[in-house]
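J.: Build out the structure end to end from the sequences listed, making use of the hints.
There are 2 protein chains.
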Amino acid sequence: MEFIKSQSYEVHLEELAEAALRQHIAKSNYSKVFVLVDENTKKHCLPLFKKKLDIKADAIFEILSGEIHKTIETCSTVWSLLSDNGGDRKSLLINLGGGVLTDLGGFVASTFKRGIDFINIPTTLLSMVDASVGGKTGVDLGSLKNQIGVINQPQMVLVFPKFLNTLDSRQIVSGYAEMLKHGLIKDAEYWKSLKSENDFTDAKCIKKSIAIKNDVVTQDPTEQGIRKILNFGHTLGHAIESYCLENPDRETLLHGEAIAVGMILEGFLSHELKGLSKLSLQEIKDTFLTHFERVDFNAEDIKAIITLLKYDKKNSHGDVNFVLLQAIGKAVTDVKVPVDLFHKAFAYYKE
Amino acid sequence: MEFIKSQSYEVHLEELAEAALRQHIAKSNYSKVFVLVDENTKKHCLPLFKKKLDIKADAIFEILSGEIHKTIETCSTVWSLLSDNGGDRKSLLINLGGGVLTDLGGFVASTFKRGIDFINIPTTLLSMVDASVGGKTGVDLGSLKNQIGVINQPQMVLVFPKFLNTLDSRQIVSGYAEMLKHGLIKDAEYWKSLKSENDFTDAKCIKKSIAIKNDVVTQDPTEQGIRKILNFGHTLGHAIESYCLENPDRETLLHGEAIAVGMILEGFLSHELKGLSKLSLQEIKDTFLTHFERVDFNAEDIKAIITLLKYDKKNSHGDVNFVLLQAIGKAVTDVKVPVDLFHKAFAYYKE
Chain A
1 MEFIKSQSYE
11 VHLEELAEAA
21 LRQHIAKSNY
31 SKVFVLVDEN
41 TKKHCLPLFK
51 KKLDIKADAI
61 FEILSGEIHK
71 TIETCSTVWS
81 LLSDNGGDRK
91 SLLINLGGGV
101 LTDLGGFVAS
111 TFKRGIDFIN
121 IPTTLLSMVD
131 ASVGGKTGVD
141 LGSLKNQIGV
151 INQPQMVLVF
161 PKFLNTLDSR
171 QIVSGYAEML
181 KHGLIKDAEY
191 WKSLKSENDF
201 TDAKCIKKSI
211 AIKNDVVTQD
221 PTEQGIRKIL
231 NFGHTLGHAI
241 ESYCLENPDR
251 ETLLHGEAIA
261 VGMILEGFLS
271 HELKGLSKLS
281 LQEIKDTFLT
291 HFERVDFNAE
301 DIKAIITLLK
311 YDKKNSHGDV
321 NFVLLQAIGK
331 AVTDVKVPVD
341 LFHKAFAYYK
351 E
Chain B
1 MEFIKSQSYE
11 VHLEELAEAA
21 LRQHIAKSNY
31 SKVFVLVDEN
41 TKKHCLPLFK
51 KKLDIKADAI
61 FEILSGEIHK
71 TIETCSTVWS
81 LLSDNGGDRK
91 SLLINLGGGV
101 LTDLGGFVAS
111 TFKRGIDFIN
121 IPTTLLSMVD
131 ASVGGKTGVD
141 LGSLKNQIGV
151 INQPQMVLVF
161 PKFLNTLDSR
171 QIVSGYAEML
181 KHGLIKDAEY
191 WKSLKSENDF
201 TDAKCIKKSI
211 AIKNDVVTQD
221 PTEQGIRKIL
231 NFGHTLGHAI
241 ESYCLENPDR
251 ETLLHGEAIA
261 VGMILEGFLS
271 HELKGLSKLS
281 LQEIKDTFLT
291 HFERVDFNAE
301 DIKAIITLLK
311 YDKKNSHGDV
321 NFVLLQAIGK
331 AVTDVKVPVD
341 LFHKAFAYYK
351 E
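Line by line, the protein sequences are chains A and B. For the first sequence, counting from 1, position 276 maps to 276 in UniProt numbering; every step adds exactly one. For the second sequence, counting from 1, position 3 maps to 3 in UniProt numbering; every step adds exactly one.
Hints should not be assumed to be uniformly reliable.
Identical chains share a label here; the pair holds if one copy fits it or two copies do between them.
Computed cross-link-like contacts, PhoX-like style, restricted to lysine-lysine with a CA-CA straight-line distance of at most 25 Å [as the list claims (entries may be wrong)]: (1) Lys32 to Lys336; (2) Lys90 to Lys336; (3) Lys310 to Lys32; (4) Lys310 to Lys90; (5) Lys56 to Lys195.
Bear in mind the hints are in silico, worked out from the structure with no lab data behind them. Quick caveat: nothing in here was measured; it's all calculated off a predicted structure.
T.: As structure tokens, then:
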């Protein structure tokens, strides 16, 4: 299986990834190699990483897992660890974890001594298909997701589908939501095959999803145009995710769970405003509700979520811009949506 | 007087700066314009800024002045202020202050929502001649200077020598040290004229210093080669500055005061290792000691400063690299210095 070429780096899968990493380290003359893990990847992925890759790490840094720790305070901890362990401009940071860890580790590396090299090894399905390309790094500011960050590219990304064996099914299905999104925004055929695929954690499916995303981000690295289509389901999805994270009475939703709701809601908006057919809308709703339990939202929840919307970092000049679908596989960007439609969308979701 | 063209932006001086800013804002369609000040620039520079420039700011954010506040915590405060005041990706941050403020404000802007536009208006002589070009942004990590940051360029830099009337003489002389450095590393004639210049705050001198620095940084934006010469006096100077900042028994040195000591020390190393003449060394020492009071260092101080050296961010693989002079106006980079010479250099400084 060949690698996927992204902006300045390559995404390698399976066996080829092992060789690629060894070669890169052999030629790069790094002063030190550090590995960032959380308590989960330390337990489940680090042993496999050590065994497979035979890399001598100068130090392993452990942070706590979870969106709630994706903060500037955690960055300060890792910056200090890098400094205390003699990290310098020629050091390498390998981020071994899910999207929270690779986003945070990428930001820490991009800003330590004004930027050191980093390599991402995503360990969840979501981070393999979503965070592996695009160069977005960053952390949250309070309950506002990814408010602080930079666009910067890793040296390489290594994808080992084997790591997925260590995940529970909720985590796996969360990644599936992003894969389905790739079909919805860009490739109707992929959507069709993926929604009836039994083993979507297969390297072939993962590679297809990465390739779709990579195709979009390499055309538009700084999100001026087409890249915005990746935000389908995310405008409402992010607001729902933030709301649940912030609210102690609610169970935290995984990212994929939140955007699954977002895609049904924004599918409804697409039907109302952009001509997405009733049939396609129903197909989207049915597919997501087959894999994701319906979430309860009362009137107060909905009001709070709509308030959070205006803080989403994609909004400019106070307007809320949406990516909507004209059809499955065909997205349009920069659609302004009247507020009353949000309430109707939630009503449709509940039906 | 013409502007100085840097990487992606321009440095404008005096009256032309006013017109340049007005034009830029008129054409840029910013959603909001924010101004960052500290308690000093709020009092002394903001009224002039408002009067001269006639810019309607949506909000003014105030931080505390001084290197001790150049922290990630201060960044968090400004990020939150941006967010709470409706800052979005199309917002502009104008940094009105000295190097601490423009470094910090530049980092905050470069990382807020993965980067918004910023404009620097340096208000001290040091920041006019030093921080105005080069794109370095960042904050300190504990006592270690500029450990966290990115390289990113402002939209423009505006230099108003009038702001210097609000500074005390200690601040002015601090900037003079960097100007003298520009002569030492690149232009013997400028060194000669500048060291006997009565009014070095004149726009002509400031422009010459910016032009020298700009010439260097545009050749080498990411500090792979020639840009390193700007670090003359800074390797020991930064360690001295950090040490005095950290040590409650010592008076804090201004940046220029610390690098003035650093340039005498590194001048001595240059004489020992790179053939700088005895006469030139004496000329350097005499010039700096005419303008900067001799600082006392005991054996314990010197030991601690040498320990700090190895944490300087320019060091790689544990070696300490110096920029030294072969002659006035001619610098060489990547010189490794044996530790015993540091002690001799301090002894020469004390003589």
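J.: Okay, which hints does this one fail, numbers in order?
T.: 5
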